[in-house]
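The primary structure of each chain is shown beneath.
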Amino acid sequence: MRYLPLTQSDREAMLGVIGAASIDDLFVDVPEAARLDGPIHDLPMHASEMAVERHMSALARKNLTAGEAPFFLGCGAYRHHVPASVDHLIQRGEFLTAYTPYQPEIAQGTLQMLFEFQTQVARLLGTDVANASMYDGSTACWEAIGMARRITKRGKAILSSGLHPHYVSVAKTMAKFTGDVLETATPTLSADTDLETLIAAIDKDTSCVVVQYPDILGRIADLTPLADACHANKALLIAVVTEPVALGAIKSPGEMDADIVVGEGQSLGVGLQFGGPYVGLFGCKEKYVRQMPGRLCGETLDADGRRGFVLTLSTREQHIRREKATSNICTNSGLCALAFSIHMTLLGEKGLRTLAQINHHGAASAAARLAQVPGVELVTTTFFNEFTLKLPQEARPVVRALAERGILAGVSLGRLYPGEASLANGLVVAVTETTSAEDVETLAAALEEILA
Amino acid sequence: MSINASGWRPEAPVAGGKASPTVTGNKGLMLEEALIFEIGDSETTGVDFASSPSPLRGEGPSGTSLGSLARTTPIGLPGLSEPEAVRHYTRLSRQNYGIDLGFFPLGSCTMKHNPRLNEKVARLPGFADIHPLQPVDTVQGALGVINELAVWLIKLTGMYGVAMSPKAGAHGELCGILCIKAALEARGEGHRKVVLVPESAHGTNPATAAFAGFTVEDIPATAEGRVDTAALKARLGPDVAAVMITNPNTCGLFERDMKAISDAVHAVGAYVYCDGANFNAIVGRVRPGDLGIDAMHINLHKTFSTPHGGGGPGSGPVVLSEALAPFGPLPFTARYADGHIALIEEETAGDEHPHTFGRMTAFHGQMGMFTRALTYILSHGADGLRQVSEDAVLNANYILRSLEKTLDAPFAASGPCMHEALFSDNGLADGFSTIDVAKGLIDEGFHPMTMYFPLVVHGAMLIEPTETESKAALDQFIGALRSVAERAKAGDISLKSAPHFAPRSRLDETLAARKPVLIWKDPGLAQAAE
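Chains as they are written, first to last, in the numbering used here: chain H, 1 to 452; chain Y, 453 to 982.
With the rest of the complex left out, here is chain Y (with noise of 0.2 angstroms):
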C-alpha cells in the first residue's frame, strides 16, 4: 500500500461504503450558492449612511427639482447585509478556477502568475483615486507612469511610437487598422479594400478588419503551420491595405518568413498588422521592429501579467512603426525636456499632431492595467523579460516533446515550438474528441488547454504552459494528460460524462441558445403573468 508524502493513503476505503446524497446538494467543501435575487431582500442594506436625508419628492430643497422625474417604482434590487454579501461571493469564487490554484495552461491566453505587488501598487490612492480630468499639474505622476510603460513598450518592440489608450486586444487590433486606413487615406489610396487573414488567425483579426469597412480575405496555411508565403506574395496588390498576421502564430510556431513577407507587402505600398498576443514567446529576445512590422497590439493582461479577472479587464497598447505614429489616437503623453509631462489631447494635437485618428475611448485608457504592467516590467528588467520568454518556450517544448509519442503532434517533426504546444485529436478512439480529453483533465485537478482552435488543425489542443510553471508542475500534468489521452484512445466511455468532480457536470449549451433566459425572473410573477 503507498502512502504518499502527506501521509494520505489514497487506496483507503470509504467506510460503509457509497455516500448516500445530501439534503442540501452540497458535497463537504464543495458549496451550492443561491443567486441574490433567491436571498437578498428590498429591505436589506450592506452599507450604512452618515445621515439619512428626507425621502425624493418632486420638490427637492433650495428650489431645485427632479420634476417630474423623481422616481416612483421599484427598481427590484435584492440587497444583502455585508456578511451574507461575502459568504454568497466567496463560496462563487469557490466554483471558479484560477491560476492562483492550479495550472491553467489556456493556449494563446498566457495565463501567468500575477504578482500581487502589482495589485498593492495600483491600490496606492496616488493612482487609485485620481479623477481622469483633473488639472495636469495634479497627476504628474500618472502620466509618468503612461510615459515609463510607453517607453518600456517601445523599446522591447524596437518600434517608433505606442498608442496606449485601447482597451484590450481587439481594441488594440482596432486601433492599428485604423491607423492604417488613416495612413492610406492620407495618401490618396483610400480604395484599397482587402485584408489578408491567415486561417490560422484569432476570430478578433478578421472581425476587427470588417468592423473598420475592409473585405477579408484568407491565405491559407502550408502543411507546416505556417503561413502560405507563396500564397500570400501571389494574393498581394493595389487592392491590399494590409496583412494582419499573427507571430509566434496561433500554432505556436515562428514565421520564419517574417521579415520577407514584411517587405513583399511594404513593396506593394500596404502595411503590416501584427497580433501580438503571443509576444511573450519573444520578449526581450526579439524585436517585432526588425522584423518589418507596422503596428503590433500588445495584451498587458497576457505577456504583462495584469490579471484576466474572469474576462478582463484587459489592456492592449499598440506599438506603431515611423509610417504610421503619425496617425495614431489621442490623447498621448509627451515628455518635456524640463521633466514635465504633458498631455495631447484634441485641444493641444494642433500643429505637432494634426494627421491623428482621434479618440477611441473616454479618458486615457486602462491606467490600472498600466500601473500593474510596469510594476511587472520593472521587477523582471531586461534582463529578467529575457529569461521570460527562454523559460515560456523551454515549458512549451518540454510539454511538446513529452506528449508527442502520447497524442498527435502535427508540426512536431518541423522542428521545436515556441511558447505553445499543438496536438490534435488524431489517434483517439472513434466518437472521442478534443472535449472530452479536456473535461477529462478537469477531474484531474487542471484547467483545460485551448479546444478546437487553431482552426488549421483537426480537434486543436494548444497548450500554452507559460514560464511561471515549475517543472514538479509540469511533470504532473504531463503525467494526467498522458492518463487521459490514453482512456480517449482506448475509448473509455466514462470520460464522455467528464467531468465527474467538478461543481457542475456538462452543461447544456444548445438549450441555453435555443431559449435563451439571460436575467433572473420571479418565478412567482412569471408564473402569475401565464
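Just chain H, with the same shape it has in the complex (with noise of 0.2 angstroms):
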C-alpha cells in the first residue's frame, strides 16, 4: 500500500520491540466479540493510483460544470475569477498539512496569514475587529445571533424577510434547541426591501435584527436608519454579507453602524466546490469582542522582543472553558481564509474597486437586455451583481428547460421557496466577471424561445 512506509519485516522487529506475539495482542481489550477477524466484506479492495483517479474522473464527467455552460447561478455562492497564484500557493505543504497553531514558534506562517486576514476582514466589513474564520456564512449568522443574546440578554432575534433561506432554516434549526425566539417572514417579488418593517417590529425584547446585505433578491438598501432603531432599543444590528467582492462598490455595513458583521467569503479565493468548504466571516466593534466565537490572532513579542503572533483571548473557547464556552467551534476555515486573504491581496484595493464595478456593470446590461425579453420583469431596481427576474411562468420549470440546453440560467425562487406561490415566477441571476456578453445573449435568446 503506498501510504504505509511500514515493511513486515519492520513490523515484526517493532512487536519484538513491545513484546507481543502479533498485532491482534495489542487489540486485546477490544471484546472478542467486536473484533472482526478479517477485511469487512461487501467492499472493495485497495486500489492503484490510476484506478481510483480513473473512478473519480468519471463521477466529475457526470457534472455540468460552471465553465461549460453560460451560467448565472448566486444565491450564496459566486464564480469568480481566483488567480492560478492562489491555487499554487494554498498546495505549499507548510500551509496545506500544519495544524491548528499551538506552537506559535514554528506556526507563524498560519498566524501572521489569519492576522492579516482578520485585518483585510475587518476593513472590508467595516469593524473593528474580525476573527480568523467560521466554517461558512450560515453558521457565521447563527453565531452571531447567540452572540447577540449573551451581550443583550434578550432571547428574540428579527430576521429580515431577505435573508438567505438556508441561513434562516439554521438558524430556525438551533433556536429549537436554545430556546431563541425568531420572528421570521418571506420576501416579497417588489424593489423595495423590508427595512419599514424590520424597524416597526423591533421592542425591548429583541437581541438582534439580521439583515442581508445585498439581500437575497440582490436589493440593496441604505442600513443607517435600521442601526439608529436597532440602538434606540438597545439591541444590535447584524448585517450577513453573502457577496463580499460587493462591499468593494458599496458602502460597508460597518460604515452604517452595524454591531456585527458577518459573510461567507466563499467569491474571493474559494471557488464554487458545490457548497464547501466555504469561509465565515465574522467581524464585531470592539467593545464585544470577549463575546465573540471562534479563533483570534493577536499579536505579541518573543522572548528576544521580536514581533510574534499567537491565538488569544481563548478563555472564550471550549478547549479552556468547556461547557462555558462562548461556542464548541475548533476546527475553522484555516485553508479557505489563506486563499480569501491571498486573493484579497492579489487584488488590492484598486483590484477589488475594479472587479466590483465590472461585476455591477455587467449585471446591470443582463438586467436591462433580460427585462427585453416579452413578458420578463425586472423586479429589484437597486442591485449590485444580482438581481430577480419575475417571469410570466413558473421559473423552476423554465430553469429545468435551459439547462437541458446546456444553460444554467440562475435559481428559482420555487427551489429556495417551495410552496410560496407569490415566489414561484422569480429567478435570481447573478452576473459576474466571468460572465461574458454573449453569455447573456444566449440566456436571453433561450428565454424567449422557452416562453414564447
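Each hint should be verified, as a subset may be incorrect.
Under the rule of at most 25 angstroms between Cα atoms (straight-line distance), these lysine-lysine pairs were calculated in the DSS-like manner [stated by the list, open to error]:
1. K350/H <-> K324/H
2. K973/Y <-> K287/H
3. K324/H <-> K967/Y
4. K176/H <-> K645/Y
5. K285/H <-> K973/Y
6. K645/Y <-> K153/H
7. K287/H <-> K967/Y
8. K285/H <-> K967/Y
9. K153/H <-> K234/H
10. K324/H <-> K645/Y
11. K62/H <-> K572/Y
12. K156/H <-> K479/Y
13. K973/Y <-> K172/H
14. K973/Y <-> K350/H
Residues from chain H that keep clear of chain Y, each with C-beta distances beyond 10 angstroms, as calculated [said to hold, decoys possible]:
15. K234
16. E264
17. H319
One-sided and incomplete, this derived list gives chain H residues near chain Y with beta-carbon spacing under 10 angstroms [said to hold, decoys possible]:
18. P70
19. D228
20. A229
21. A232
22. N233
23. L272
24. Y288
25. R321
26. E323
27. L347
If you're looking for bench data, these hints aren't it; they were derived computationally from the structure. We put the CB at the ideal spot given by N, CA and C, even for glycine.
Hey, can you piece these two chains together into the complex? The hints should help.
Following this line, the structure appears as C-alpha cells:
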C-alpha cells in the first residue's frame, strides 16, 4: 500500500520491542465479540492511483460544470475568477499540512496570515475587529445571533425576509434547541426591502435584527435608519454579506453602524465546490470582542523582543472553558481563509474596486437585456451583481428546460421557497466578471424561445 | 571524527568563531517577512482585467443604480503584484511546520500524510466548478460522491445511517446531540436535561452539550485511565439524556466496558454519543455499531486524510443508529433503483423524513473534503484501511515501550495502548514541565506532541504517530525525545528558553491577551490620533 511505509520485517522487529506476539495482542482490550477477523465484507480492496483517479474522473464527468455553460447562479455562492497563484500557494505543504497553530514558534506563517486576514476582513466589513474564520456564512450568522443574545441578555431575534432562506433554516434549527425566539418572514417580489417593517418590529425584547446586504433578491438598502432604530432599543444590528465583492462598490455595513457583520467569504479565492468548504467571515465592534466565537490571532513579542503572533483570548473557547465557552467551534476554515486573503492581496484596493465595477456594470447590462424578453419583468432596481426577474410562468421548469439546453440560468425562487406561490415565478440571476456578453445573449434568446 | 551519510561533519567549527547578527534579521534561509500592510499599497494590483469600466457613480447604466450606497471612502486594502505576493506567502509558509516537513505526533489530531491524488481529484472541474443550487440532474456525479462515501462510512462503522453535512468535528457533535434531543422530544421526554461527559473528554464535548441546552456533569476516570463504569452507572437515571464517550479514549486506551456501558445507558432510556476523533485506531477492525453507539462523528480530516490546512476546513459526518437516523439533518442524498440520486431537502423531506431536526448549514456540507476522503478510502480499500489501524496502533505501542523507561507512562502497566501513547511530566526536574520538553523537541526538528491534554494526567504528553511514519522516522524521534527528556530530568536550564533555532523564541501570550492587538493599525495614523 503506497501510503504505508512499514515493511513486514519492520512490523516483526517492532512487535519484538513491544513484547507482543502479534498485532492481535495489541487489540486485547477490544471485546472478542466486537473484533472483526478480516476486511469488512462487501467492500472493494485497495486500488492503484490510476484506478482511483479513473473512477473519480468518471463521477466528475457526470456533472455540468459552470465553465462549460453560460452560468448565472448566485444566492450565496458566486463564480469568480481565481488567480492561478492562489491555488498554487495554498498547496504549499507548510500551509496545507499544518495544524491549528498551537506551537506558535513554528507556526508564524499561519499566524501572520491570520492576522493579515483578520485585518482585511475587518476593513472590508467596516468593523473594528474580525476573527480567524468560521465554517461558512450560514453558521457565522447563527453564531452572531447567539452572541447578540449573550450581549443583550434578550432572546428575540428579528430576521429580515431578505435573509438567505438556508441561513434562516440554520437559525431555526438552532433556535429549536436553545429556546431563542425568531421572527421570520418570506420576501415579496418587489423592489423595496422590508426595512420599514423591521424597524416597526423592534421592541424591548429584541436582541438583534438580522439583515442581509445585498439581500437574497439582490436588493440593497441603506442600513443606517435600521441601525439607529436598533440602538434606540438597545438591540444589535447584525448584517450578513454573502457576496463580499459587493463591498468594493458599496458602503460597508460597519460604516452604517452595524454591530456585528458576518459573511460568506467563498467569492474570493475559494471557488464554488458544490457548497463547501467555504469560509465564514465574522467581524464586530471592539467592545464586543470578548463575546466573539472562534479563534482570534493577536500580535505579541517573543522572548527576544521580536514581533510575533499567537492565538489569543482563548478563555472564550471550548478547550479552556469547556461548557462555558462562547461556542463549541474548534477547527474552522483556515486554508479557505488563506485563499481568501491571498486573492484579496492580489486584488488590493484597486483590483477589488475594479472587479466590483465590472460585476455591477455586467449585471446592469444583463438586467436591461433580460428585461426586454417579452413577459419578463425586472423586479430589483437597486442591486450590485445579482437581480431578480419575474417570469410570466413558474421559474423552476424554465430553469430545468434551460439546463437541458446547457444553460445554467440562475436560481429559481421556487427551489429556495418551495410552496410559496407568490415567489414561484421569481428567478435570481447573478452576473460576475466570468459572464460574457455572449452568455447573456444566449440566455436571453433561449428565454425568449421557452417563454414564447 | 564521525561523518554522516551525506558526508557532513557535525563537529566542523564555524570559521572565525561566533556569527554576528545580520542587519536584515534574516539568518540564511530563515527569512523574516513584513506584513502586507507594510509592503503593499492601494495602487498596486496583481490582477489584470480584460476591460476597465468607467468608475461607479450613483447612476449606473441602463437606469439601474447603487442609489446613495456607492462607496465613497477607501477600504484600506493593500495590493501586491503577483511576484511580490508569491514571495510573501512562500516566505510565510517557510515559518510553518507541516506533515510534509517532518514528524507531527500531535495526539488526538491524527496528522497523517495527505495524499496528493486527493488534491488532484478535488480540483477536477467536475467537482470544483459546480454550484450547490444547480438542478440536480446536472450534478449527479457530485451527489454520487456523497452517496458513495456515505455507504462506505455506514459499512465501516456498522451503523444505520449517516448525516453528511456537518462542517467539522464539533459541528458533528452538535448534529449528534441535536438528533438525541429531537428523539427525546419526540418521545415526550424532553425533560431529560443531563449529559454525562468523562473528565478526559475533548473540550468540544461539554461545550457542544451546553450549546444545545443540556447540563453537563463530569464522570471520573479510574486509576487505569478509563471511564469509571461504576460511577457512570450509579449516575444514570430518568434525567439523563445522553452519555458522550470518546473511544478509544483520550488516554489512548480502548474502553473495554463500552458495550456494557451502552446497554446500561439504553436501559434507562438515554443515548450513547461517541466522539469519533480517534477512529483511526480501530477503522477496519472494530465497528462502533457493534458496541451499541447511537451517534458518532467522523473527522474526515483525521482518519480519512483530508488536510488540516493550518486549522481547517474539516468535515464531520455523523453516523447514526436506527433509533436516531430519522431525526438527522437535511439535506441528504437517496439513490433510486434506476441509479438516479435525489437530493432530499426541505421540500422533498415530506412524508419520508418527517422527523428531521432541520438544516445545520447552507448547502450540502464539505464537498471538497468528501472527494478527498473518498479518494483516500478507495485507494486503501477494506484491506488497506484495516492495515491503517494496525500500523497506527503498532507505531504508538512502539513509542510507548521505547520511552516508558525514560518518561513516566501512567497507564503503560495496564496493557497496550491504541493509536497514541500517553506520558506525564512526573520525574522531570523541579521547575521543568511538559512545555520545556515540547520546546526542546522543536529545536530537534519535530512538531511537539499534544501538551497538557487529557486533563486527567499531570503534564500530559499525548503522542500520536499515525500509520504513515516509517520505523526510521520513529527511531529518530524516540532518540530525540529521550535526549530532551533526560535533559529535562537533569534540569538543563537551556531548555527553559527553548526553542533556540525556530523562527521565533517563546512568545508572550499574556501580553497578547492583556492588550489584544487583533488587527494591524498604521503606526503613523495611530500616533496622529493620540
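For each hint, the structure was consulted:
Between K350/H and K324/H the alpha-carbon distance is near 44 angstroms, which puts this suggested pair outside the 25 angstroms criterion. The straight-line distance between the Cα atoms of K973/Y and K287/H is roughly 17 angstroms, inside the 25 angstroms bound, and the hint therefore holds. Distance restraint check for K324/H and K967/Y: the Cα-Cα separation of roughly 23 angstroms lies within the 25 angstroms cut-off, and the hinted pair is therefore satisfied. Between K176/H and K645/Y, the direct Cα distance comes to roughly 15 angstroms. Compliance with the 25 angstroms bound is thereby established for this hinted pair.
Proximity of K285/H to K973/Y is assessed by CA-CA distance (about 15 angstroms); at most 25 angstroms being required, the pair is judged to hold. Proposed proximity of K645/Y and K153/H is supported: the alpha carbons are some 22 angstroms apart, at most 25 angstroms. For the suggested pair K287/H and K967/Y, the alpha carbons sit about 13 angstroms apart, so the restraint of at most 25 angstroms is met. The straight-line distance between the Cα atoms of K285/H and K967/Y is roughly 16 angstroms, inside the 25 angstroms bound, and the hint therefore holds.
The straight-line distance between the Cα atoms of K153/H and K234/H is roughly 11 angstroms, inside the 25 angstroms bound, and the hint therefore holds. Between the alpha carbons of K324/H and K645/Y the distance comes to roughly 16 angstroms, so the proposed pair stays at or under 25 angstroms and holds. The straight-line distance between the Cα atoms of K62/H and K572/Y is roughly 17 angstroms, inside the 25 angstroms bound, and the hint therefore holds. Distance check on the hinted pair: K156/H and K479/Y sit about 57 angstroms apart at the alpha-carbon level, beyond 25 angstroms; violated.
For the hint linking K973/Y to K172/H, the alpha-carbon distance of about 38 angstroms lies beyond 25 angstroms, and the restraint is violated. For the hint linking K973/Y to K350/H, the alpha-carbon distance of about 20 angstroms falls within 25 angstroms, and the restraint holds. Look at K234/H: its CB is around 25 angstroms from the nearest CB on chain Y, clear of 10 angstroms, so calling it non-interface holds up. Consistency note on E264/H: stated as away from chain Y, yet its beta-carbon is not over 10 angstroms from all of that chain's, at 8 angstroms minimum.
Once the 10 angstroms rule is applied to beta carbons, H319/H is inconsistent with being away from chain Y; the minimum gap is 4 angstroms. Taking 10 angstroms as the C-beta contact cut-off toward chain Y, the hint placing P70/H at the interface is violated, the least distance being around 13 angstroms. Checking D228/H against chain Y by beta carbon gives a least distance of about 16 angstroms; that is not within 10 angstroms, so the hint is violated. Nearest Cβ of chain Y to the Cβ of A229/H: about 18 angstroms, over the 10 angstroms cut. The hint is violated.
Given the 10 angstroms rule on beta carbons, the hint for A232/H is violated: about 22 angstroms separates it from the nearest Cβ of chain Y. With a cut of 10 angstroms, the hint placing N233/H at the interface with chain Y is violated, because the nearest CB-to-CB distance is about 24 angstroms. Interface restraint check for L272/H: the shortest CB-CB distance to chain Y comes to about 5 angstroms, inside 10 angstroms, so the restraint holds. Against a cut-off of 10 angstroms between C-beta atoms, the interface hint on Y288/H is violated, since the closest Cβ of chain Y lies about 12 angstroms away.
For the restraint placing R321/H at the interface with chain Y, the shortest Cβ-Cβ distance is roughly 7 angstroms, inside the 10 angstroms limit, so the hint holds. Interface hint at E323/H: satisfied, since its Cβ lies 4 angstroms from the closest Cβ of chain Y, which is below the 10 angstroms cut-off. Of the supplied interface hints, the one on L347/H holds, with its beta-carbon coming within about 5 angstroms of a beta-carbon of chain Y, less than 10 angstroms.
Hint compliance for this structure: hints 1, 12, 13, 16, 17, 18, 19, 20, 21, 22, 24 are not met, and every other hint is.
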